[in-house]
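*Asks:* Protein chains in written order, with my numbering: chain A, 10 to 357; chain B, 10 to 357; chain C, 10 to 357; chain D, 10 to 357.
Fair warning: there could be bad hints in the mix.
Note that identical chains are pooled: a pair holds if it fits in a single copy or bridges any two copies.
Said to hold, decoys possible - Derived lysine-lysine pairs resembling BS3-like cross-links, with alpha carbons at most 30 Å apart:
hint, residue 1, residue 2
1, Lys132, Lys142
2, Lys229, Lys132
3, Lys171, Lys229
4, Lys229, Lys201
5, Lys229, Lys142
If you are wondering where the hints come from, they were derived from the structure by calculation, not from laboratory data.
Chain by chain, the residues:
There are 4 protein chains.
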Amino acid sequence: MYFASDNAGPAHPAIVDAIARANQGYAMPYGADTIMDEVRAQIRDLFEAPEAAVYLVATGTAANVLALSTYWQPFETAFCSPVAHIHEDECNAPEFFAGGAKLTLVGEGDKMTPDALRAAIAKEETRDVHGPKRGPVSITQVTERGSVYSLEELNALCAVAKSFDLPVHLDGARFSNALVALGCTPAEMTWKAGVDVVSFGGTKNGCVGVEAVVMFDPQKAREFELRRKRGAHLFSKHRYLSAQMHAYLTGDLWRESAAHANANCARLAAGLDSIADASFMYQPQANMIFCSFPRAAHQRLHDAGAVYYIWSGELDGDDPQEHLQARLVCDWSISEAEIDQFIALVRG
Amino acid sequence: MYFASDNAGPAHPAIVDAIARANQGYAMPYGADTIMDEVRAQIRDLFEAPEAAVYLVATGTAANVLALSTYWQPFETAFCSPVAHIHEDECNAPEFFAGGAKLTLVGEGDKMTPDALRAAIAKEETRDVHGPKRGPVSITQVTERGSVYSLEELNALCAVAKSFDLPVHLDGARFSNALVALGCTPAEMTWKAGVDVVSFGGTKNGCVGVEAVVMFDPQKAREFELRRKRGAHLFSKHRYLSAQMHAYLTGDLWRESAAHANANCARLAAGLDSIADASFMYQPQANMIFCSFPRAAHQRLHDAGAVYYIWSGELDGDDPQEHLQARLVCDWSISEAEIDQFIALVRG
Amino acid sequence: MYFASDNAGPAHPAIVDAIARANQGYAMPYGADTIMDEVRAQIRDLFEAPEAAVYLVATGTAANVLALSTYWQPFETAFCSPVAHIHEDECNAPEFFAGGAKLTLVGEGDKMTPDALRAAIAKEETRDVHGPKRGPVSITQVTERGSVYSLEELNALCAVAKSFDLPVHLDGARFSNALVALGCTPAEMTWKAGVDVVSFGGTKNGCVGVEAVVMFDPQKAREFELRRKRGAHLFSKHRYLSAQMHAYLTGDLWRESAAHANANCARLAAGLDSIADASFMYQPQANMIFCSFPRAAHQRLHDAGAVYYIWSGELDGDDPQEHLQARLVCDWSISEAEIDQFIALVRG
Amino acid sequence: MYFASDNAGPAHPAIVDAIARANQGYAMPYGADTIMDEVRAQIRDLFEAPEAAVYLVATGTAANVLALSTYWQPFETAFCSPVAHIHEDECNAPEFFAGGAKLTLVGEGDKMTPDALRAAIAKEETRDVHGPKRGPVSITQVTERGSVYSLEELNALCAVAKSFDLPVHLDGARFSNALVALGCTPAEMTWKAGVDVVSFGGTKNGCVGVEAVVMFDPQKAREFELRRKRGAHLFSKHRYLSAQMHAYLTGDLWRESAAHANANCARLAAGLDSIADASFMYQPQANMIFCSFPRAAHQRLHDAGAVYYIWSGELDGDDPQEHLQARLVCDWSISEAEIDQFIALVRG
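With these hints in hand, go ahead and build the complete structure from the sequences.
*Replies:* Here it is, written out as structure tokens:
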């Protein structure tokens, strides 16, 4: 019963097989491998974006900070949710790659609202050269609390950004889970909504370690390449990144894997929802659940070896009825049996 | 006949197998996987350094710049050869990760000499706060021209650094090839000589993409961890880095692979040496050859599909006798047949 | 009637005279001038800190960012008020000089409270290497809203910082105004409270352009010197900075000038307080007032040529009774007649 | 007898008077003062550049690094002489302000030659993304060894830069001395030759501390403003910078002062040239001399209180006939009597 993160489960066997298959003979290094040519075509097809620039890196943080910093000047501030990965979980990597730029936190929740975004942007640049200038808007989809922006919400946020002539970045570490949840196309969730550059995640959804950066206007492609190399994120044996992404995009593996994870999550959520003592902090929409239930249930889970984060509260404590919050993440590899066992333990 | 680089050949099958074997069940992310515990022990044993701090990253540039910047202040200059990878081939990554520090180029050749190093270090810091302060010394072993520093040379360079109380970094992207060439122990080539931190390469010697950073004094270990995360070089699914390094160090694969590459290179060098019209620019000592021979020979090779870098000169040209320089790199996977075919084509 | 800022009035004549007097013969450059020796002694006496390291720069932002960055690692976050000058008015200079570090905003108001500071510090570093590490605490005295932390408040904030072993920086751009308001000694407002490094302002209080950075523990003095040079803030003709600071500290000019400014402000505040239609947003404690009164009064002031910032609202508008907020800053040079004229115009 | 540097002498009284005269009433801060309007017009007239963007800062290093970094990407390398101030005397400030960019040293001497520059530029960018990209060319006029580039030389260097489409920066810390030496116009020495941005020095030529940055194409003016603020180099009480520059440009003070310094230097050079035992390392062309003469002469000077740098060699030593090199800099304030006394002491 591992619900700690979608980065702790195994990779999909097809991904590992692809790495093995790619391990034949010589291949041009640094992204000039022929598999990458296919990946580029796959992604352009998938996103209905024949001009898009497509690059691969190995970590989600690298995808985010290289993508963002290409659209971000060091005297600017970027706008994001206060729980955005780029703010809370990247140890100042965005600020570092942007040369000392700033992040402005928008609103209080996991989702930015158009009004809060408009107000935050409007407030900056009222101070001539003294305050930072307005920079890119970064949206996380799925959010760090498991919520999914609807297409209407995405369009509205991008419209605010565009009204100030600001670029939009989408942190899509869980892009596929969001897409499956919305039932829309990749184009609808990106450039048709107004997104300029997306971090299209593979790692959390069954890959070993690969993320694509897709820039719909290729104008800054060369700058991205230089920033990637300068960030030490250009792989010499690039074919093994290409092979992962190629397998991921072949036969809709990416979509199946996300659908599987979301279905697992829905099963888990339904089970928890049926328990009187359990309540959600956020409505689960993709593959992540934040749920509160009594300490006694946590202790039963703990004793049975379940692994997940206690998001607030302490397992040790006197009151068995006190509610502690759990963060539960499902990946493709979780079995229905594990889920049902987990639910049964919460129910007690 | 691929002699372009040791990053263009396939990974050793044992490495890919290890990735597949690691792909079972859950593993703690971010370096807390159990395979990493074994890797740490393997490397400490190998280097006879029970206290060493050991970290993995996926690219050689990442290993270099994260290792160096941990020992480098932004107002300092680091000392290296004018052909060092950190100077010529990392697109300002060292300067970036060091917060805007400088590199001072020592001497004219691929190898730094103790005298040139002493003079270069002595010259800095004669200008009070106006000039940069003295920073770390970075030595590349194997050098970018295929030479190998002897233990005496390494000891002498480190002694110069120590006489100024400066830390020493060893760029060991081809560490194993050097070690095989010298027939010494890892400890002799590092901390016993005076090296403080080493980039211990795996990628060029048969791995998919993994490099270890070994810090013999663990005092700066935590800072390194923070710099790695901030550089976006911490892998969530770290087990796949661990698995590669584990397989690489198991059963002396790393040493065999390097021995194979060096032997291939020696065979190629011997063949070229027997050709009157071919001459070496540097004496080949590990797995890399810089050799000059007539354009006509290059054209024969080209027509036969041989792949390698023409280091100076142009393949197109009128004079078939004009000498062009070739850079030839052997990896573990080159066959003797290919080498012999290459030699035959040069001979004509 | 100029109440726009204390950086728009003239310098005190004694400061300009000192520059002229210093303009005799040769002087060692870069801070080795003999006047600087006297300044160092003056400041050590003033702060009762015989070991303190003392440096001069020409702008308040330079003093802040050089002081802070000497105590701040790039993977850390510093703590400050959401209206701190370092956050709102330095165009990312702190983030730049700290190599891409972050600022965490504490609370909602101009003053940080110990509880809010403790909570903000406690929240960071719960994420291992993923979140930024805890960095220095920066306190602004006088705050950007004209409030003054009491000694009790300063001590409490510093105690929180010390409980987490964090250094404390005091942005004292209006240090003298605060000191006069509190009636305490410089030592009480700094190191006795727990402040490690202070930006001791001269510019806003009658100098041409000079700020001292005082580090009570000289351990990082050399690093500061290197950061100052690298920031391009080391003056070759340093004697003209020294001369200003020397005159400022001679005969208590600094205290008189601040006392004058504070008295002007008190007179203005008393006048405004007597007007039914005027109300303070913050209780004026030093030389700055945030006050709300009707548009009609603003228009009278405007027509009479008064210069100040309308902090919120627009001068143009239909409703003469609508309240607009004014920011009013008094420097030493304002006359009582101007103040009284201003009050009369508000009263109408 | 002070020949240590042109930053150790007094400011011209007219400059200090201007500061005093500017010290009347209120002035808009941050460069919006009315004196700055006049300065802008003066500089545009002087340079015959009606569209030029003009900014003031207080140090030569600030002028250089802010000017250069506005034309420099962090993944680029800038080209300069190995003795350039930006390389040797700014403690990595250029690399810092450029976000971690690199400097490529051109040739061996104080002057870059067109051939060496072309070769250096050509060599970069042969490595695709691996090496740094080509960045701006920075020329120092007067050089750090007292030489002056002729207009032909300047034109030829700029032509090389332009052939690679690279911007050109002129470090004019001693711009005026060079101009007087060449007898040309400011336009001829800058934009007519191909210079894009110049650091026009005031400090070394009789000001207290002011340098202008002149950008002939104003396209990057706003970025410069933001970089200046972010570098903490925007003065609140800007009028005192404006006043200095205004006085400096009024009545040709700048030219007279430089002419005076150059004439002093010529007198000193003529005297030294008449001494058999003295020899120049560089032909003096402006206000700086590098001259070699016996230790005994140095000791006579030392005993008489002369102040200057012994550039190589040590005053203490056994052999009175051994030659030591002196660096001798003349500013406007040196008297003929001092010069003659110095010569007499060398002659012995």
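*Asks:* Does each hint hold? Answer for all of them.
*Replies:* Quick rundown of the hints versus the structure:
| no. | hint | result |
| --- | --- | --- |
| 1 | Lys132 with Lys142 | both (10 Å within a copy, 28 Å between copies) |
| 2 | Lys229 with Lys132 | both (28 Å within a copy, 25 Å between copies) |
| 3 | Lys171 with Lys229 | both (18 Å within a copy, 23 Å between copies) |
| 4 | Lys229 with Lys201 | within (19 Å within a copy, 32 Å between copies) |
| 5 | Lys229 with Lys142 | both (20 Å within a copy, 15 Å between copies) |
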